[in-house]
Amino acid sequence: MSEKFDVIVVGAGPAGNAAAYTLARAGLSVLQIERGEYPGSKNVQGAILYADALERLIPDFRESAPLERHIVEQRMWVLDEESYIGGHYRSAEFARPPHNRYTIVRARFDKWFSDQVQKAGALLLCETTVKALLRDAQGKVIGVEVERDEGRIYADAVVLADGANSLVATRAGLREDIRAEHAALAVKEVIFLPREAIDARFNLTGQEGAVIEMVGGITHRMLGTGFLYTNKDSISIGIGCMLSDLKRQRLSPVELLEGMKAHPAIAPLIAGGEPREYAAHLIPEGGYDALPQLYGDGWMLVGDSAGFVNAMHREGSNLAMTTGQLAAETLIELFRDKQPATAANLARYRSRLDASFVMKDLKKYRRLPGTLERHRQFLADYPALLNQAAHTMIRVDGVDKRRKEKEILDAFRERRSLLGLLGDAFRLWRATR
Amino acid sequence: MHIVVCIKQVPDSAHIRVHPVTNTIMRQGVPAIINPYDLFAIEAALRLKDRLGGHVTVMSMGPTQAEPALRKAISLGCDDAILVTDRVFAGADTLATSYVLASAIRTLGQERPVDLVFTGKQTIDGDTAQVGPGIARRLDMQLLTYVSRIVEVDPAKRSIVVERRAEGGVQVLQTALPALVTMLEGSNEVRFASTPDMFRAVRATVRHWDRNDAGIEDIKQVGLKGSPTIVSRVFGPTPRAEKARQVPFDPADPDSTAASLLEQLLADVPKVRKELEQRRSPS
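Those protein sequences? They're chains Z and F, same order as listed.
According to the working numbering, the first sequence is numbered sequentially starting from 310.
According to the working numbering, the second sequence is numbered sequentially starting from 26.
By construction, these hints were calculated from the structure, which means they are not laboratory data.
Even glycine gets a Cβ: it sits at the ideal position worked out from N, Cα and C.
Check the hints yourself; a few may be wrong.
Stated by the list, open to error - FRET-style restraints, in silico, Cβ to Cβ:
1. Z:Arg488 <-> F:Phe274: 39 to 45 Å
2. F:Lys268 <-> Z:Lys541: 38 to 44 Å
3. F:Phe274 <-> Z:Ser561: 25 to 31 Å
4. F:Val272 <-> Z:Glu583: 31 to 37 Å
5. Z:Gly448 <-> F:Ala181: 56 to 62 Å
6. F:Phe274 <-> Z:Thr680: 25 to 31 Å
What the hints assert, rightly or not - Computed footprint of chain Z on chain F; a stretch qualifies when at least three of its residues, placed anywhere within it, have a C-beta under 8 Å from a C-beta of chain Z:
7. 146-153
8. 244-252
As the list claims (entries may be wrong) - Which chain Z residues stay away from chain F? Per the calculated CB distances, all over 12 Å, these:
9. Glu372
10. Pro407
11. Cys435
12. Gly460
13. Glu485
14. Ala506
15. Glu567
16. Tyr597
17. Ala599
18. Ser660
19. Thr680
20. Tyr691
21. Gln697
22. Val705
23. Asp733
24. Arg739
Please build the complete structure, drawing on both the sequences and the hints.
Here's what the structure looks like:
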């Protein structure tokens with residue numbers, strides 16, 4: 310006898326968990342299938358949790374979720390070989406509950422999230438890989454087949470939350486394989502340090518945390534960013550660049566990470582620490598124009614498997630949770646009205662997405678990846694110029710300030726020309742407006 | 026036929042780290058798995074069930090976090106799972122653990138008489154290989170350790186024949202049921218659960234037995250109090266200085282590669298080399 314559920318959710322990351330949680334809470338019968346040994350065992354993120362998306366699902370999550378530190382200080386660094394120029398924003402308001410952002414350890418957090426999903430009534434199968442989608446004669450998806458004996462499991466709808474390279478959707482022909490120019494490859498290390506050392510190095514007390522987002526020389530003219538996040542007794546440090554750039558420049562992410570760790574501004578922050586974890590992850594950063602078809606007869610894509618990532622603002626897991634929730638709400642409405650999960654009916658998922666911050670933000674930055682890719686000056690020349698400018702102005706060496714200003718302007722003109730500078734300003738404005 | 030398999034949830038040794046100062050195992054954040062040797066015990070029990078029919082109960086003493094290990098055993102085909110769990114069991118050494126498990130098996134035997142108990146040869150976190158024999162002794166069962174193959178079990182004659190790995194060879198042993206068998210690694214290949222079995226496992230109820238359910242008679246024999254073992258010192262092994270050697274390999278000329286390898290190996294053992302040279306030139 311085959312099993313049949315209202316909905317099958319493939320994947321137990323933030324998107325899958327949000328979908329399964331919402332569906333189960335509404336009383337639908339939900340099966341969630343996870344390939345890893347336990348939820349979180351295969352999941353990789355920086356990782357920062359934006360409270361808002363989770364709060365909409367589980368308002369009192371702060372009482373039981375395993376959170377590392379709440380972030381009170383955000384640093385933005387533009388790096389050159391030996392220097393950085395940047396801004397820090399720290400606010401006492403960030404230190405007051407309810408906190409807005411937290412660092413988390415995904416292995417622990419995902420386990421907790423999955424516990425909430427199971428308590429809500431969803432059934433979870435781990436160590437089970439979905440190999441194909443089942444379809445009826447009309448092509449409507451009616452279930453999945455897993456890589457175990459007697460592996461056919463049926464459902465009225467299948468929500469695919471199986472991550473950046475969504476093997477299930479790709480194999481089923483629902484979307485194309487992710488393209489190198491639409492994917493970033495990020496690597497990270499978790500470096501353990503005594504709590505007190507982290508507190509002292511980042512000027513923190515109690516549960517406070519700080520984060521540094523970095524651009525510039527560390528990516529070797531490739532489109533990418535680096536990050537450093539403080540956990541309770543460890544630091545997550547990582548760097549990611551577009552896969553197509555890495556391919557072209559024949560650089561391995563490991564080399565980038567080693568270079569970044571050796572930067573004179575970063576090395577002292579992690580000195581004496583013990584690296585204990587190393588992870589790599591593909592991030593779908595193609596943005597709005599790379600989004601595949603998001604739903605069809607009996608199926609929906611949520612989270613990374615659809616490419617819901619705001620690369621500019623380093624947001625992903627919140628988009629995953631939100632899209633998981635919106636997909637679930639669409640299905641709940643259909644089940645309530647006894648409507649089938651046809652493509653026509655699932656179009657309501659798209660309307661929900663369009664009305665949410667997810668699509669609005671992705672649309673706002675749709676030109677950005679292309680602009681930065683075509684105009685490498687943003688990735689290398691400007692970081693260097695900004696650092697030089699700061700250096701020239703701050704250094705006291707008997708040269709008068711008017712001459713220093715002229716030197717800086719000349720340097721900019723020499724690298725980019727006056728027209729180039731104007732063009733760049735326009736491009737940046739257009740890409741982010 | 027009622028078979029009980031005793032398993033333990035252990036930290037995955039592939040991820041384990043030893044604390045540099047205290048030399049104790051750092052369990053924090055290390056994923057938990059079924060003790061690998063116990064998987065062979067589970068598989069041996071299931072194969073007997075496949076052949077002879079019967080009922081397989083999987084049992085573990087441990088904290089409630091050990092429940093996933095028991096659920097996994099159910100997914101492989103065990104019929105029933107019991108987690109013997111009580112705060113008073115904490116801090117147990119092998120003596121106290123075998124007392125608790127023996128009591129629980131005795132109690133379970135009142136539901137359904139137990140013919141066979143399987144365990145792995147030892148755990149990968151303690152490496153003592155004492156709990157299995159401890160259970161057998163307390164239940165007055167025949168004990169078969171380091172078993173590499175179950176040759177035959179005859180429920181009518183109440184007998185079991187096994188192959189046991191011993192120094193210098195393999196022993197073939199026959200004894201009477203009830204017996205306790207500790208299984209060697211590689212003695213079988215553990216099965217992959219089917220989809221219906223996965224569903225059965227996630228929906229199964231794992232029975233939790235406290236000291237009363239397990240029929241513990243003497244509370245002084247359990248947990249830290251019932252554990253006479255004293256750990257006087259923990260130390261890490263000194264790393265061996267031996268290093269791997271590289272022998273240049275010429276795919277076009279395997280003979281000379283073999284010759285140079287032999288040359289290197291013989292350089293370490295002059296005695297053997299001399300002997301060989303003498304044999305090569307008998308004149």
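Legend entry - Consistency of the no-contact label for Ala599 (chain Z), given chain F and a CB cut of 12 Å: 35 Å, holds
Legend entry - Interface-negative label, Asp733 (chain Z) against chain F, beta-carbon threshold 12 Å: 46 Å, holds
Inset, instruction - Would you assess whether Tyr691 (chain Z), listed as outside the interface, keeps its beta-carbon beyond 12 Å of every beta-carbon in chain F? - result: 41 Å, holds
Legend entry - Outside-interface status for Pro407 (chain Z) - nearest CB in chain F farther than 12 Å: 27 Å, holds
Inset, instruction - Check the non-interface label on Gly460 (chain Z): least C-beta distance to chain F beyond 12 Å or not. - result: 5 Å, violated
Inset, instruction - Decide, holds or violated, for the assertion that all CB atoms of chain F are farther than 12 Å from the CB of Glu372 (chain Z). - result: The assertion about Glu372 (chain Z) holds, with a minimum of 20 Å to chain F.
Inset, instruction - Test the statement that Glu485 (chain Z) is away from the interface with chain F: the closest C-beta pair must be farther apart than 12 Å. - result: It holds; Glu485 (chain Z) is separated from chain F by about 30 Å at its closest Cβ, greater than 12 Å.
Inset, instruction - Say whether it holds or is violated: Cys435 (chain Z) keeps its Cβ farther than 12 Å from all Cβ of chain F. - result: 9 Å, violated
Inset, instruction - Measuring Cβ to Cβ, find out whether Gln697 (chain Z) lies farther than 12 Å from everything in chain F. - result: Holds, since 44 Å exceeds 12 Å.
Legend entry - Range hint compliance [Cβ, Phe274 (chain F) to Thr680 (chain Z), 25 to 31 Å]: 53 Å, violated
Legend entry - 25 to 31 Å as the expected CB spacing between Ser561 (chain Z) and Phe274 (chain F), which holds or is violated: 28 Å, holds
Legend entry - chain Z covers the stretch 146-153 of chain F, three or more CB atoms within 8 Å, holds or violated: violated (count 0)
Taken one by one, the earlier hints fail for this structure at numbers 6, 7, 8, 11 and 12, listed in ascending order.
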